[in-house]
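*Asks:* Using the sequences and the hints, build the whole thing.
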Amino acid sequence: YRNKEAAENIKLMEEKFVLDLEHMIEKTKADSDLSTILTFIDKKDFDDVPMEWYAKKRDLSNRLGLFLYKDRIVKSKELQDTVRHILHTGHIGYTKMMNEAKIFYWRGMDTMIEDKAKNCKPCIAAGKNLKLKFRAPKKN
Numbered sequence: 002y003r004n005k006e007a008a009e010n011i012k013l014m015e016e017k018f019v020l021d022l023e024h025m026i027e028k029t030k031a032d033s034d035l036s037t038i039l040t041f042i043d044k045k046d047f048d049d050v051p052m053e054w055y056a057k058k059r060d061l062s063n064r065l066g067l068f069l070y071k072d073r074i075v076k077s078k079e080l081q082d083t084v085r086h087i088l089h090t091g092h093i094g095y096t097k098m099m100n101e102a103k104i105f106y107w108r109g110m111d112t113m114i115e116d117k118a119k120n121c122k123p124c125i126a127a128g129k130n131l132k133l134k135f136r137a138p139k140k141n
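Mapping to the working numbering: the sequence shown position 86 is 87, numbers consecutive.
Everything labelled a hint here was simulated from the structure, so no lab data went into it.
Fair warning: there could be bad hints in the mix.
Below, in silico cross-link-like pairs of lysine-lysine (DSSO-like), each with a Cα-Cα straight-line distance of 30 Å or less [as the list claims (entries may be wrong)]:
1) K71 <-> K45
2) K78 <-> K117
3) K97 <-> K57
4) K58 <-> K78
5) K57 <-> K30
6) K28 <-> K45
7) K71 <-> K119
8) K78 <-> K28
9) K45 <-> K78
10) K71 <-> K12
11) K57 <-> K45
12) K57 <-> K78
13) K122 <-> K5
14) K28 <-> K58
15) K117 <-> K57
16) K58 <-> K103
17) K28 <-> K57
18) K30 <-> K58
19) K44 <-> K103
20) K58 <-> K45
21) K57 <-> K103
22) K119 <-> K103
23) K78 <-> K44
24) K44 <-> K57
25) K5 <-> K119
26) K28 <-> K97
27) K44 <-> K58
28) K57 <-> K71
29) K78 <-> K103
30) K44 <-> K28
*Replies:* Encoded structure:
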């Protein structure tokens with residue numbers, strides 16, 4: 002039941018995002034960091050791009066006013082929680098959330114999605130978090 006519900010919700014999300022393309026473009030323009038980087042991309046001038054993006058400059062592009070990294074939509078800070086919430090609909094667990102999130106990118110996205118799945122009681126109860134990525138313990 003939940004997987005069917007999740008699939009339906011994801012389909013609705015995809016349709017809504019197509020309809021909300023203008024909304025995503027507006028949010029990208031409104032995000033001062035992203036709009037600044039788009040300006041550098043358009044000018045092909047990467048000298049003043051923040052260091053976190055400078056090393057990735059060959060993989061950055063602007064399509065229709067959306068900031069893309071390796072053809073993945075870089076989400077504005079304002080929309081990151083919304084995307085994470087929508088991805089989590091139906092309590093599908095970490096692995097499926099990550100598969101569905103492949104069209105998006107933002108710094109810390111993997112950790113944000115992992116934390117959402119790891120701390121969700123329904124996901125834990127259903128055993129949906131058994132495939133969380135392995136992280137070696139930190140050494141002191």
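*Asks:* Provide an ascending list of the numbers of those earlier hints which the structure does not satisfy.
*Replies:* none
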